Amino acid sequence: MDSTVATSTEENVWGGGNRPLGASYGKLMMWFFIVSDALTFSGFLASYGFSRFKFIETWPIADEVFTHVPFFHGNYPMYYVAFMTFILIMSSVTMVLAVDAGHRMMKNKTIIYMFLTIIGGAIFVGSQAWEWATFIKGDYGALETKGGRILQFVKADTGERAALADFSKTLPSERVDHEMKNGVWFYKGEALPSYTVNEVTEGLKSNPNILIRTETINSEGEKTLLTREESLNKIKDAKLVVEGANLIRNEYGSRLFADFFFFITGFHGFHVFSGVVINIIIFFNIILGTYERRGHYEMVEKVGLYWHFVDLVWVFVFTFFYLV
Amino acid sequence: MAHAHKLEIFRGLIKFKSNTQKIWGVLVFLTIVTAVEVGLGISKPDILTANTFLGMKILNWIFIILTLVKAYYIAWDFMHLRDEKSSLRRAIVWTPIFLVAYLIFILLFEADYIYNVFKDGYVTWNF
Chain P
453 MDSTVATSTE ENVWGGGNRP LGASYGKLMM WFFIVSDALT FSGFLASYGF
503 SRFKFIETWP IADEVFTHVP FFHGNYPMYY VAFMTFILIM SSVTMVLAVD
553 AGHRMMKNKT IIYMFLTIIG GAIFVGSQAW EWATFIKGDY GALETKGGRI
603 LQFVKADTGE RAALADFSKT LPSERVDHEM KNGVWFYKGE ALPSYTVNEV
653 TEGLKSNPNI LIRTETINSE GEKTLLTREE SLNKIKDAKL VVEGANLIRN
703 EYGSRLFADF FFFITGFHGF HVFSGVVINI IIFFNIILGT YERRGHYEMV
753 EKVGLYWHFV DLVWVFVFTF FYLV
Chain H
32 MAHAHKLEIF RGLIKFKSNT QKIWGVLVFL TIVTAVEVGL GISKPDILTA
82 NTFLGMKILN WIFIILTLVK AYYIAWDFMH LRDEKSSLRR AIVWTPIFLV
132 AYLIFILLFE ADYIYNVFKD GYVTWNF
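So the sequence lines, in the order shown, correspond to chains P and H. Start counting the first sequence at 453; every next residue gets the next number (my numbering). Start counting the second sequence at 32; every next residue gets the next number (my numbering).
Certain hints may be false.
Simulated pairs of lysine-lysine, DSS-like, Cα-Cα distance not exceeding 25 Å [said to hold, decoys possible]:
| no. | chain 1 | residue 1 | chain 2 | residue 2 |
| --- | --- | --- | --- | --- |
| 1 | P | K479 | H | K150 |
| 2 | P | K598 | H | K150 |
| 3 | P | K754 | H | K37 |
| 4 | P | K657 | P | K688 |
| 5 | P | K561 | H | K48 |
| 6 | H | K48 | H | K116 |
| 7 | H | K75 | P | K675 |
| 8 | H | K75 | P | K561 |
| 9 | P | K691 | P | K598 |
| 10 | P | K589 | P | K479 |
| 11 | P | K691 | P | K589 |
| 12 | P | K675 | H | K48 |
| 13 | P | K621 | P | K657 |
| 14 | P | K559 | H | K37 |
| 15 | H | K150 | P | K688 |
| 16 | H | K150 | P | K686 |
| 17 | P | K559 | P | K754 |
| 18 | P | K561 | P | K754 |
| 19 | P | K598 | P | K688 |
| 20 | P | K607 | P | K686 |
| 21 | P | K675 | H | K88 |
| 22 | P | K589 | P | K675 |
| 23 | P | K607 | H | K75 |
| 24 | P | K754 | H | K75 |
| 25 | P | K479 | H | K37 |
| 26 | P | K589 | P | K621 |
| 27 | P | K607 | P | K657 |
| 28 | H | K150 | P | K559 |
Honestly, the hints are just simulated from the structure, not real lab data. Small disclaimer: the values here were computed from a predicted structure and weren't measured.
Let the hints inform the model, and build the full structure from the sequences given.
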């Protein structure tokens, strides 16, 4: 009935051509995607919260895990992540400026701002790779007990963390890394840690300045420090030397902590990476004059929405991984 | 919508002359909020960590609220939801808020229950 009325298609509810939300099809679809992706990320972060509340008394303290800044030695909790956050917000700003310049049909300005956005994204992805590498490599090393709990070491006089290399003894033994060239059939062996449990134990016994720190968080919000006798007793439970982090175990504490770290920041990093790729495509399209010919720069706006969304997610990841 | 930007933030407390100026203004605001978060995260004032509200440290509540504030300004000004029709804005914002609030409520209560089972129940998990 409607389609036959040719004069009033614009006004007609069923005739099509209505835009009740005032947004184009492409933009609406981008919003659909963003909302569903937001739900995915929320699912991840909520499950992180689930695991954390489940092990609330033993969860690692982020300030003690992420303490490194490239090119600087020492203990600088959070500064580098704060820098990364700022970079991402900054690249969001250049993105909005690009969208704004696009609305005003200023091709050259749009090109410059898109370029800056891509650079910002690249710096962020690079920083995240560095953050991962540091996390995987680890800091001090720790022991794992039979029950899968992590024991860390502290110097009694200064209260600083002690690395395994600081006190472990070197005992003569025949420990050889299994390498591909030595086997007739290659099968994978785990890489050997720098010290054996025995060497760490002997080191602890002979060095009265070393105490064990357990995962349990005390009422002051710090990890529990054992006395010398308790330490000597506790080390009998040790089964494994853990250095750095992987998906199975990590020296920072709860195993789930590293798993969630890899999964959530990895998923976010992948979003940033694909965002950079999409930005590059749009960047070249602008240079080629595609949007100039099309008469509008809505494509920049759409990719901008995605880019801001990535920034938005990072704001939450930053809070729940590094601050809370 | 391209030429109809709303140029006020903080409910009209600050008005900007152009859209570009508003973007820089929001950047300054977001940077300040992030700096406050990092400052609190490093110093961890005793008053804020010693007291709790609804089972969580005051400090953590501050972090979460500041995060939501940042999220609001990113969505409203960078993703220019402020300039969209209110029907679109509500559809985008309230759908995830409702679902996520529900999910968080369920998961955190369940997690707390499991924590108590580990703690008080006859379950050994730390050998």
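Consistency of the hints with the structure:
1. P:K479 to H:K150: Roughly 50 Å between the alpha carbons, so the hint for K479 of chain P and K150 of chain H is violated.
2. P:K598 to H:K150: With a Cα-Cα distance of about 19 Å, the restraint between K598 of chain P and K150 of chain H holds, given a limit of 25 Å.
3. P:K754 to H:K37: Status holds; Cα separation ~19 Å.
4. P:K657 to P:K688: Since the Cα atoms of K657 of chain P and K688 of chain P sit roughly 11 Å apart, the hinted pair holds (cutoff 25 Å).
5. P:K561 to H:K48: holds (20 Å)
6. H:K48 to H:K116: holds (22 Å)
7. H:K75 to P:K675: holds (16 Å)
8. H:K75 to P:K561: Violated: K75 of chain H and K561 of chain P sit about 43 Å apart, past 25 Å.
9. P:K691 to P:K598: Cα-Cα ~6 Å, so holds.
10. P:K589 to P:K479: Violated. K589 of chain P to K479 of chain P sits at ~43 Å, over the 25 Å cutoff.
11. P:K691 to P:K589: holds (20 Å)
12. P:K675 to H:K48: The hint is violated at about 52 Å.
13. P:K621 to P:K657: holds (10 Å)
14. P:K559 to H:K37: holds (24 Å)
15. H:K150 to P:K688: holds (24 Å)
16. H:K150 to P:K686: holds (20 Å)
17. P:K559 to P:K754: holds (17 Å)
18. P:K561 to P:K754: holds (18 Å)
19. P:K598 to P:K688: Distance ~10 Å between K598 of chain P and K688 of chain P Cα, so the pair holds.
20. P:K607 to P:K686: holds (16 Å)
21. P:K675 to H:K88: Satisfied, since the Cα-Cα distance of roughly 17 Å is no more than 25 Å.
22. P:K589 to P:K675: holds (22 Å)
23. P:K607 to H:K75: holds (23 Å)
24. P:K754 to H:K75: Roughly 40 Å separates the two Cα atoms, so the pair is violated.
25. P:K479 to H:K37: holds (19 Å)
26. P:K589 to P:K621: holds (22 Å)
27. P:K607 to P:K657: holds (13 Å)
28. H:K150 to P:K559: violated (63 Å)
Figure legend: structure checked against the earlier numbered hints; hints not met, in rising order: 1, 8, 10, 12, 24 and 28.
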